[in-house]
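Colleague: Sequence:
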Amino acid sequence: LTKWCTWADCIIAGPGLSVSGQSEEIVKCILQSGSDATLILDADALNIISENEEYYEYISRYKGKVIMTPHVGEMSRLTGKSIGQIKGNPVETASCYSKEHGVICVLKDAATVVCDHDNIYINTSGNCGMATGGSGDVLCGVIAGLLAQGISTFEAATLGTYIHGLSGETAARKKNSYSILARDLLESLATTDITNSNL
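In this text, residue positions in the sequence shown follow my numbering: the first is 1432, and each later residue adds one.
Simulated from the structure, these hints should not be mistaken for laboratory data. Warning: the hint list may mix true and false statements.
30 Å max Cα-Cα, derived DSBU-like pairs, lysine-lysine [said to hold, decoys possible]: (1) 1434 to 1494; (2) 1530 to 1459; (3) 1530 to 1518; (4) 1494 to 1459; (5) 1434 to 1459.
What follows is a set of in silico ranges between Cβ atoms, one per label pair, in the way DEER data are often shown [what the hints assert, rightly or not]: (6) 1447 to 1582: 23 to 31 Å; (7) 1492 to 1607: 43 to 51 Å; (8) 1487 to 1520: 17 to 25 Å; (9) 1551 to 1614: 26 to 34 Å.
Beta carbons: idealized from backbone N, C-alpha and C, even for Gly.
Given only the sequences and the hints, what does the whole structure look like? Please build it.
Modeller: Take a look at the structure:
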């Protein structure tokens, strides 16, 4: 795993991982691998971190940049704040978390907030049908695909979030927002036209 990490241009950890002793060791191994690849932490990697605060020390020593992509429930577990508190002030929550831990925070909700040390981006593309299992996994893949093409970390996080939302809008036009599945988002990526959209 260490060899693969040092070879990679970007790494995603968390989707489909589950929470177990072995999963904890996998996340720890990635963080201590010596890789300088941008690392995206999502899903169960976030759950592991929320239960093991010492992992923040590993994050602080990681050579590459780190993107964390929690939805509000995961952010609640990471910060100890209630979901109501987070929804009441998502920009402050994401911004403070980003600065405290030296990461890019992508706080997913109806309007997704992307923060790094100096910048805040609020994304409004997408629809309620995207609140479905696997949607976040597709977002991770979109961001990773942009990173692998050489786009800067913050730009990949913001543009990836925007394109992901547009794919949800395309999927809703093909079906409807009540029946969108993660695979519909994936399929819609190929037919979503961002050239006529307001970036």
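Colleague: Would you mind marking each hint as holding or not holding in the structure?
Modeller: Hint check:
no., hint, result
1, 1434 to 1494, "holds (15 Å)"
2, 1530 to 1459, "holds (22 Å)"
3, 1530 to 1518, "holds (19 Å)"
4, 1494 to 1459, "holds (14 Å)"
5, 1434 to 1459, "holds (14 Å)"
6, 1447 to 1582: 23 to 31 Å, "holds (25 Å)"
7, 1492 to 1607: 43 to 51 Å, "holds (47 Å)"
8, 1487 to 1520: 17 to 25 Å, "holds (22 Å)"
9, 1551 to 1614: 26 to 34 Å, "holds (32 Å)"
Hint violations for this structure: none, all hints satisfied.
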